[in-house]
Amino acid sequence: MPGIRLGFTARRRLFLVMIGLPAVLYMVLVAFWPLSQGLAYSFTDYTLTRPGPVNWVGLENYADMFADPAAQRAIVNTFVFTLAAVGLQLLAGLGLALLLWPDSRFNRICLALMLIPITVTPLAVGLIFRAMLEPDFGILGYWARVWGLSPARGYLADENLALATLIVIDVWEWTPLVALILLAGLKSLPTDVLEAAEVDGASRFQRFHRIILPMLLPAIFLALVMRSMDAFKIYDSVFVTTGGGPDNATNVLMFHAAKIGLEFFQIGAASAISTFMLACVGLMSVSFVLMIRHAERRLGSR
Amino acid sequence: MQTSRRGALALSALSALAAGGASAQTGPAMTLTMACMNDPFATVLARLAPRYAERTGVRVNVDILSYAELLSRITADFVGRTRNYDLCTMDIVWAGQFAEAGHTIELSPLMQRDAAEIAVDDIYQAALLGIGNFRGRQIAFPFAAYVNVLAFRRDLFERAGLQPPQTMADLVTAAQRLTDAPNNIYGWAANGRRGAPVAQDWMIYNAQIGGSILGPDGRPAINSATNARSLTVYRDLFRMAAPPGAVNYDWAARHEAFRQGIVAQHQIWTISIPSYENPEISRIVGRTGIILAPTAEGMPKRYGIGGWGLGINAAIDERRREAAWGFIKWAASAEVQRRFLDANVGVFTRRSVVNDPALRARFPFFSVVDESLANGDADFRPRIPQYPQIQDLLGTAVNAVLVGTADPQRALDDAQARAARLF
Amino acid sequence: MSSRRLARRAGQASLLLALIVFLFPIAWLFATAYKRAGDIFAIPPVLTFTPSLRNFTTLFEFFDVPQLVLNSVIISFGTAGLALALGTPAAYALARLETRWAHTIAYGFLAIRMIPPVAILIPFYLMMRDVGLLGTYWALIILDAMQSTSFVVWMMFGYFRAVPKEIEEAAVVDGCTQWGTFIRVVLPCVVPGLIASALFCIIFAWNNFIFPSFLTNASTRPLSVAMISAYGSNEINWGTMGALAHFSVLPIVALALLLNRYFVQGLTRGVH
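Protein chains in written order, with the working numbering: chain A, 1 to 302; chain B, 1 to 423; chain C, 1 to 272.
Extracted from the complex, chain A is given alone in its bound form (with noise of 0.2 Å):
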């Protein structure tokens, strides 16, 4: 019997191994090595459009980089956006979430209809709101102008409000996902411990406090975690409504990086720049698994 139960687990680790070896052995080839050689460039000044050879420049493109006025600017704006705008949908997220928590047939569809923004390319949505907020003759813009809401210029030629704006944008696309993260985070929570609890007397608040939010934490973690990877990344709407002004009011890293990148053909000084990028985003992510991880540990515990 004994030998029959070893060989089993043995048999078993490697049927696992063997069926989660192919995704591993994708994410080597298909990421790991471009980012491997990504990040062998941005040691040289290699140039797409310049003939001759590659030279080793060791750190000289970070240098730039931290020199440089405006990816220090943008460097700054990237966190603001990303923490600002994360933070936000989570807030207006999770009140949504519990708006649409009780199941009814308004409920149903008003969540099938606000998933709508996800389903728009993030480059038309810039554009949408670039149209709506033109001071001149947009459908906002033109009347927030009018009637003194916004700077004679426009929200985003401001350069105080520029960015904010561009937050504003951001939460309305993402905040539906958000909610239902959230919502699907609410749905699956333990009935009967919801109802003991309200038995037992708790108010609203508390219920809310003690153990809604932290049995809703492994919800917050992905919603928070899978955001803020991709806000760190904005590009589109920065590429259509202002261009990274005014003034670098909004330069953002992966619009300096694609710039470098792509319009001047920089490889090397843009793979640093996305280098530097991969190891805030992971710098991140890793603050917000040990954040959860505490707030787990101090909520969970009761």
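Worth flagging that the hints you see were computed from the coordinates, not collected in a lab. Some hints could be false.
[To be verified] Selected chain A positions facing chain B (in silico; Cβ < 7 Å):
id, residue
1, Asp45
2, Leu48
3, Gly245
[Claimed, not checked] Away from chain C, derived, C-beta distances all over 10 Å, residues of chain A:
id, residue
4, Val57
5, Asp64
6, Val80
7, Phe208
[Unchecked claim] Derived CB-CB ranges, DEER-like:
id, chain 1, residue 1, chain 2, residue 2, range
8, B, Ala29, A, Ala164, 56 to 66 Å
9, B, Gly286, C, His246, 26 to 36 Å
10, A, Thr47, B, Glu54, 36 to 46 Å
11, C, Leu257, A, His294, 33 to 43 Å
12, A, Gly201, C, His246, 23 to 33 Å
13, B, Arg338, C, Leu257, 46 to 56 Å
14, A, Pro151, B, Glu106, 50 to 60 Å
15, B, Arg51, C, Leu257, 40 to 50 Å
16, B, Phe423, C, Leu19, 24 to 34 Å
17, B, Arg55, A, Ala164, 50 to 60 Å
18, A, Ala164, C, Gln12, 27 to 37 Å
19, C, Ala13, A, Gly201, 23 to 33 Å
20, A, His294, C, Ile43, 48 to 58 Å
Note that CB positions come from ideal geometry on N, CA and C, so glycine has one too.
Fit chains B and C to the supplied structure of chain A, relying on the hints for placement.
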């Protein structure tokens, strides 16, 4: 006598038949792919391509792409030698990059060989040398030259009793006089958006005041006194006379503003003129006048030109190159150029077409075009390999000045320092 | 009672408000397809206009719309299929392998989504050239599937963890093979998760723009790229874009509505 004449006729008929038959047999039957900018000429080319196929057996697939996409894709194609595109449209400012990288083939031998067919003398010198020629190498053939002209609202000028501006000073005065913000009328507009839009617009006004991006030695001279002065004027015009949203305008937004009737005058590329007369999209039909772009008092009269050329991928084989060259000759021929203008697409490459009486009668502003091209300035945007970076530097600097976060001289000094490092 | 009714009414009113906010820009875009170009930016802007179908006829003249839709469908469904085929077994393996590294590896998969497109675009482009796949659907499917697989692994990881081991053990005792157990016993438990993952993969691939614009050619180009070709240097052809948006948005909306049940259900378990 009669028999011999009949014989001669029969002989010539036979040879003509044979020649026609021969060309139908020897003409290559192949498919070429062309990367085409999505300017108005693209749809005309797409429409005419089947007729070219009927005539020569060469099918040309016109792949229409937006500006950024076009440059990235064809560069990747050329560098990667993936041979996805046999031909491409090349913007005037890309000549330096393309020449340095050897993306497209040198056309001079072909041009010399077929000189009679292409009638080079009929093409405006400024277009021939400006579009596709870099330091003596012709790496693209001009087929869609654009002219920078001033479009103004005749009705607004007449109402205010003003003459259309002849000099830059006139333009500034008219802009101030015609601005009536409470009634949604602004005296002037230009691009303000960071990047290519503002850089290119400022460069043209700068050239008209006598400024220049490059010095006489071909190196950047961005922070010259003249440049700083013209940047100050540009900024002041924005403050005094431009629509509030102009600081974020690109070409699309600016044309929309003009078509909606809120702008009194602005400088444009001729390619956009027909859209003003299209009642489907314009509210100012019949009220636009076109005149020469104004230059500063006392300056030699030079007018900015731009536009597109056609280049042949250096990675394709001889047979395909020959077929591509055939298409280029056809697209740049007087017959096809006339078709563009018939379809209301404003490209002006050949003198004979621009001065054609029938077209002149239909489009009186062609006289402006003729004079502009005769004194065309293709270098107000330096067509050097470092152009993308220089355009970006200027795009940021000028935008910063317009927005108010930088002072003209300082912004230009900064741009100059960075530009110098490129060389 | 009445305070609860009031709360419910207030909730519904807020949802309606949210709906208006989320749907207004879409309605605007769709409306541009029916407007004459001059009305799109009338000054001062108004909501009324005289409808016309001109943009649709122009659209069909210059774009092979059925081909574009087909391309988008092939690319999106292909991506989802490949991602599910690769990611589901991997997620199962991670869930069942009794190792402390399982969580870390799952995070690692998720990390693939962190890669900025511009970092791998040119190397991948050259790689595809070398294997001769440039311009085909496969180049794009392979690249999109990379990001989708990581998502599928992450999603299904939580799902599989929730499937009780007893079911599998019972099947093994009954004489089922390992693979058979996986296919016939475990997978049916996670079908909602599979559908939800598939839907997400389809949506992300459908709307992707940077990769398709580089890796496809005219015959394999999807809708997202075609929509952006309306973005001209002289004018933005809003009418065309609005008309094309109908074909780009409506199929996905229909799909989401059809699978709405699975969508929410699908995420329910996967988040743990």
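Verification of the hints:
1. Asp45: violated, 13 Å
2. Leu48: Status holds, d = 5 Å.
3. Gly245: holds, 3 Å
4. Val57: Holds, since 18 Å exceeds 10 Å.
5. Asp64: holds, 17 Å
6. Val80: Since the minimum Cβ distance to chain C is about 18 Å, A:Val80 lies beyond 10 Å and the statement holds.
7. Phe208: holds, 14 Å
8. B:Ala29 x A:Ala164: 56 to 66 Å: holds, 59 Å
9. B:Gly286 x C:His246: 26 to 36 Å: holds, 34 Å
10. A:Thr47 x B:Glu54: 36 to 46 Å: Since the Cβ atoms of A:Thr47 and B:Glu54 sit about 43 Å apart, the hinted range of 36 to 46 Å holds.
11. C:Leu257 x A:His294: 33 to 43 Å: For A:His294 against C:Leu257, whose Cβ atoms are near 39 Å apart, the range 33 to 43 Å holds.
12. A:Gly201 x C:His246: 23 to 33 Å: About 53 Å separates the Cβ atoms of A:Gly201 and C:His246, which means 23 to 33 Å is violated.
13. B:Arg338 x C:Leu257: 46 to 56 Å: holds, 52 Å
14. A:Pro151 x B:Glu106: 50 to 60 Å: holds, 52 Å
15. B:Arg51 x C:Leu257: 40 to 50 Å: Holds, at about 46 Å.
16. B:Phe423 x C:Leu19: 24 to 34 Å: violated, 57 Å
17. B:Arg55 x A:Ala164: 50 to 60 Å: holds, 58 Å
18. A:Ala164 x C:Gln12: 27 to 37 Å: Between A:Ala164 and C:Gln12, where Cβ atoms are some 30 Å apart, the hint holds.
19. C:Ala13 x A:Gly201: 23 to 33 Å: holds, 29 Å
20. A:His294 x C:Ile43: 48 to 58 Å: holds, 54 Å
In this structure, the earlier hints numbered 1, 12 and 16 are contradicted, and the remaining ones agree with it.
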